[in-house]
Structure formats: C-alpha cells, structure tokens
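Which chain is which? The protein sequence lines are A and B, in order. The UniProt record's numbering applies: residue 1 is where the first sequence begins, and numbers increase by one. The UniProt record's numbering applies: residue 1 is where the second sequence begins, and numbers increase by one.
Hints are supplied without guarantee of correctness; some may be wrong.
Note that identical chains are pooled: a pair holds if it fits in a single copy or bridges any two copies.
[Claimed, not checked] Subject to a maximum C-alpha distance of 25 Å in a straight line, what follows is the list of computed DSS-like cross-link-like pairs (lysine-lysine):
1. LYS134 / LYS111
2. LYS111 / LYS40
3. LYS144 / LYS222
4. LYS144 / LYS111
5. LYS211 / LYS44
6. LYS44 / LYS111
7. LYS86 / LYS40
8. LYS44 / LYS139
9. LYS139 / LYS211
10. LYS111 / LYS139
11. LYS143 / LYS44
12. LYS50 / LYS143
13. LYS217 / LYS143
14. LYS144 / LYS50
15. LYS93 / LYS80
16. LYS111 / LYS211
17. LYS222 / LYS211
18. LYS111 / LYS143
19. LYS111 / LYS217
20. LYS143 / LYS25
21. LYS50 / LYS40
22. LYS44 / LYS144
These are computed hints drawn from the structure, not numbers from a lab.
Number of protein chains: 2
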Amino acid sequence: MSTPGLMLYISPLSQPARAIILLAKSLDLQYTEEDINFLKGEHKSEEYLKIHPFGTVPAVRDEDLTIIESCTALRYIASKYDTSGKWYPSDLKARARVDEFLDWHHTTLRKHAVGYFLGVVGPKLHDSEADTAKINEHKEEMKKVDANIVRYFLNGRSFVAGDHMTIADLIAVCELEQPMCAYMTFSQPIMDYIERVKAQIGPDYEQVTEKIRSFTKSMMNK
Amino acid sequence: MSTPGLMLYISPLSQPARAIILLAKSLDLQYTEEDINFLKGEHKSEEYLKIHPFGTVPAVRDEDLTIIESCTALRYIASKYDTSGKWYPSDLKARARVDEFLDWHHTTLRKHAVGYFLGVVGPKLHDSEADTAKINEHKEEMKKVDANIVRYFLNGRSFVAGDHMTIADLIAVCELEQPMCAYMTFSQPIMDYIERVKAQIGPDYEQVTEKIRSFTKSMMNK
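Make a model of the complete structure from these sequences and hints.
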C-alpha cells in the first residue's frame with residue numbers, strides 16, 4: 001500500500017519499534033524509516049526532540065500526525081491501513097481482548113523484561129557492576145508473567161487475544177525476544193507460542209530481529 | 001441508559017475504579033456496583049479471583065465479557081454506550097491523542113503518583129517506617145510528569161487529548177487526586193486543569209472522591 005506520508009523513527013534494538021516495523025511489513029506499507037541510534041545518543045538530539053519531545057524510540061509520523069507511544073501507533077496504523085481488520089479488530093469484544101493485553105503489558109511483561117535485559121546488558125555496555133539481586137527480582141517476576149500469559153491470555157488459544165494474530169502478539173513476542181537474547185528461558189507453552197507467531201510473520205521476523213540478537217551476543221561475550 | 005448486564009467491581013479508594021464510575025455516571029448508565037474492599041483483602045477472595053484472576057481492582061463485566069484492565073474498560077464502555085462519541089472519539093487522529101495519553105500514563109503519572117501515595121500512606125496504615133528517599137524520588141519524578149502534561153499533552157489546550165473531555169481526562173484527574181490527598185502539590189496549570197475537569201463532571205466528582213479524601217485524611221492525621 002502506498003503511504004508516502006508514513007515515517008517510522010525506529011531502532012532495531014527497541015522492542016516496540018520492532019513490533020511497529022513488523023506490522024508495517026506485514027501490511028506491506030511503503031513507509032520511510034529513520035534509524036535513531038540511541039547507543040550514540042541520537043534520541044536526545046535536537047532534531048529528534050522536535051519529533052519526540054521525551055526523546056524515546058520509536059515515534060511514528062503520518063502526514064501531520066505524530067505519535068510518540070508505541071501501542072497507540074500500532075492501534076492507529078492497524079485501524080487506518082489494515083483492510084483485513086485482523087490486526088486490531090473493530091468488534092468491541094475482540095478489540096477489548098487486544099487492548100487488555102496491551103494495557104496489561106506495560107507494568108508486567110515490559111517492566112520486567114526490560115528490567116532484566118538492562119540489568120544484564122547495561123553493565124557489560126558501561127563496564128559497571130551488575131546488580132544481581134535486582135536481576136533476580138526481574139527474573140522471578142518474569143516467571144509470573146510467563147504463567148499469567150499462559151493461564152489468562154493464551155488460556156488454550158493460539159494467540160494472546162484469541163484465535164488469530166493481532167498487534168498484541170507483535171508486542172508480546174518482541175518483548176519476550178529481548179530477555180531471551182540475554183539467555184532468559186521461558187515455559188514450553190510460551191516457546192510454542194513464540195514459534196507460532198514467528199511462523200505467521202515469516203522471514204521478516206528473523207530479519208527485523210537479527211540486530212538485537214547480534215548486539216546482545218556481542219555484549220554477553222564481553 | 002438501561003444496561004442490566006453491566007457490573008462494576010470497584011473501590012472508591014482506587015484511582016482507575018473512580019475513573020470508570022465517573023464515566024458510567026456521566027453516561028447515565030444503569031449498572032450494578034460491587035465494592036471490593038481491598039483493605040479487608042476482598043480482592044484476593046476466592047469469589048473475586050473467579051472474576052479477576054490477578055486479584056486487582058477494578059474489573060468490569062458486561063454480559064459475558066469480563067475486562068480486567070481499566071483503560072480497556074473505559075475504551076469499551078465509551079465505544080459501546082457513549083452515543084455522543086465525545087469520550088473516546090472514533091476519528092483516528094483524535095483517538096490517537098486519547099490512546100497516547102492512556103498508554104503514556106502507566107509508567108509515568110500512575111507509577112509515581114501511586115509510588116508516592118503508597119510510600120506516604122502505607123507506613124501509616126501498617127505502622128511501619130517510611131522510606132523517605134523513595135518518597136522523594138517519586139516526588140521529583142512527579143514534577144517531570146506535571147511539566148510533561150502541561151507542555152506536551154495540554155500544550156495550551158483545555159484537556160489532555162484536545163479541546164474536549166475524554167476518558168483520558170478521567171484517568172488523569174483520578175490519578176492526580178490520589179497524591180494530592182496526601183499533600184502533594186502541582187503547578188498552577190495542572191491545578192487549573194483539574195478544576196476544569198471537575199467543573200465538567202459536576203457534583204459526581206466530589207461524591208465519588210469523598211472516600212479517598214476521608215480515608216487519606218484519617219491516615220495522615222495518625
């Protein structure tokens with residue numbers, strides 16, 4: 001689909017940025033991509049702060065609209081450009097299942113996946129001391145997150161919001177991938193779920209994920 | 001509006017629960033309300049865990065649909081029952097502004113407003129030592145939250161998602177109210193904003209807020 005006004009300010013190292021790229025690729029959108037290298041501090045550059053005043057990645061621009069929150073961007077892109085209606089269903093009950101996962105994930109899955117990842121990788125990047133107690137805390141919390149996704153969100157279904165893929169699965173799998181790169185393990189149902197999502201996305205998944213894998217590997221081998 | 005299947009499991013001590021009650025009252029919905037007293041541990045009762053498996057308040061039931069995330073419930077109730085289309089606009093750009101505030105607030109406004117409130121009130125409730133350093137950390141972060149709401153979300157407009165009230169304002173003001181009960185102060189633009197929202201809601205606001213005010217007052221005087 002031709003969408004000349006669509007600009008994605010992203011980094012392949014950012015989980016929600018990958019979710020947005022995967023949606024744009026799945027919908028076959030013709031977007032412009034700008035890589036914001038936050039390892040080089042580009043997210044705090046004067047230029048980027050004009051787009052995203054809080055200086056986090058990603059941001060999305062669609063003509064005169066700028067969106068600085070990832071789940072909002074996913075909802076917006078799916079609502080505007082997904083003619084199948086699959087990614088963010090308009091049926092209110094089906095949509096509530098998607099929203100529920102997205103709203104839940106901020107202070108659970110994302111909090112502890114990011115906490116663990118930064119706890120492990122940060123000290124290697126900055127040559128500082130790792131806070132093992134804090135890393136273990138996030139690890140323990142991630143066990144509950146794992147169990148809650150299996151028991152409540154999947155609950156015997158194929159995807160976190162029901163029987164087909166939605167934007168909630170893109171967020172879920174991109175968030176799960178990050179600590180996995182840093183050797184976190186998950187239950188078999190979660191591993192099976194990740195494989196299901198990857199199979200549906202196809203080769204784009206590996207392509208979009210390659211950089212976070214190689215970056216984390218280089219850090220873990222330090 | 002007659003909505004016999006609508007059940008709200010709430011507590012007036014919970015910020016997002018109050019936001020949901022205020023929406024239901026503003027829409028003049030005929031709902032059934034069940035007060036879950038978490039000071040008595042009712043949120044962990046076998047009965048409530050059947051409705052909300054994670055045991056937090058609120059939860060919303062509409063016929064056979066149960067929603068355990070507050071922002072999801074607000075989006076759902078507004079989409080289904082608000083015939084004015086004001087509370088959660090269907091125009092994608094206007095909707096993105098509402099979603100963006102809601103998505104943003106989880107790890108910013110809510111995190112630090114709750115962190116401060118529990119830091120101050122928790123020790124009084126449990127007769128334990130207050131962690132002053134942590135309380136001050138949340139207080140400092142709330143100054144940034146205040147500034148970011150004024151600068152980015154309000155940005156000279158009357159409400160956080162534009163020129164009229166939406167569900168985002170209900171969340172914003174209920175979250176701001178909680179630390180205010182425990183003597184947190186805000187900038188003049190935030191105080192003016194809170195007054196604008198209260199004026200639009202009318203007497204329901206004071207009625208719904210009375211219990212958290214009196215509870216916190218009794219704690220602060222301990």
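Tested hints:
For a Cα distance limit of 25 Å, the shortest separation of LYS134 from LYS111 qualifies both inside one copy, at 12 Å, and across copies, at 18 Å. Taking the closest pair of Cα atoms, LYS111 and LYS40 come within 25 Å of each other only inside a single copy of the chain (24 Å); across copies the shortest separation is 28 Å, beyond that limit. Taking the closest pair of Cα atoms, LYS144 and LYS222 never come within 25 Å of each other, the shortest separation being 30 Å inside a single copy and 36 Å across copies. Proximity of LYS144 to LYS111 under the C-alpha cut-off of 25 Å is found in both arrangements, the shortest distances being 12 Å within a copy and 20 Å between copies.
When the C-alpha separation of LYS211 and LYS44 is checked against a cutoff of 25 Å, the pair qualifies only within one copy, where the shortest distance is 21 Å, while the shortest distance between copies is 43 Å. Proximity of LYS44 to LYS111 under the C-alpha cut-off of 25 Å is found in both arrangements, the shortest distances being 22 Å within a copy and 23 Å between copies. When the C-alpha separation of LYS86 and LYS40 is checked against a cutoff of 25 Å, the pair qualifies neither within a copy, at 37 Å, nor between copies, at 43 Å. When the C-alpha separation of LYS44 and LYS139 is checked against a cutoff of 25 Å, the pair qualifies only between copies, where the shortest distance is 24 Å, while the shortest distance within a copy is 30 Å.
Taking the shortest Cα distances, LYS139 and LYS211 sit within 25 Å of each other inside one copy (23 Å), while across copies they are farther apart (38 Å). For the identical chains of this complex, LYS111 and LYS139 are neighbours both inside a copy (11 Å) and across copies (20 Å), given an alpha-carbon limit of 25 Å. Proximity of LYS143 and LYS44 under a CA criterion of 25 Å is satisfied inter-copy only: 20 Å between copies versus 34 Å inside one chain copy. For the identical chains of this complex, LYS50 and LYS143 are inter-copy neighbours only, at 21 Å across copies versus 39 Å inside a copy, given an alpha-carbon limit of 25 Å.
Taking CA atoms no more than 25 Å apart as the test, LYS217 paired with LYS143 passes inside one copy only; the shortest distance there is 23 Å, against 38 Å between copies. For the homomeric pair LYS144 and LYS50, the shortest alpha-carbon distance between copies (18 Å) is at most 25 Å, but the shortest distance inside one copy (39 Å) is not. Taking the shortest alpha-carbon separations for LYS93 and LYS80, both the intra-copy value of 19 Å and the inter-copy value of 10 Å come in at or below 25 Å. Taking CA atoms no more than 25 Å apart as the test, LYS111 paired with LYS211 passes inside one copy only; the shortest distance there is 22 Å, against 31 Å between copies.
Taking the shortest Cα distances, LYS222 and LYS211 sit within 25 Å of each other inside one copy (17 Å), while across copies they are farther apart (55 Å). In this homomeric assembly, LYS111 and LYS143 come within 25 Å of each other (Cα to Cα) both inside a single copy, at 13 Å, and across copies, at 22 Å. Only within a single protomer do LYS111 and LYS217 lie at most 25 Å apart by alpha-carbon distance; the minimum there is 22 Å, versus 32 Å between protomers. With identical chains, the CA atoms of LYS143 and LYS25 are never at most 25 Å apart, being 31 Å at best within one copy and 39 Å at best between copies.
Taking the closest pair of Cα atoms, LYS50 and LYS40 come within 25 Å of each other only inside a single copy of the chain (18 Å); across copies the shortest separation is 49 Å, beyond that limit. Proximity of LYS44 to LYS144 under the C-alpha cut-off of 25 Å is restricted to the inter-copy arrangement: shortest distance 16 Å between copies versus 34 Å within a copy.
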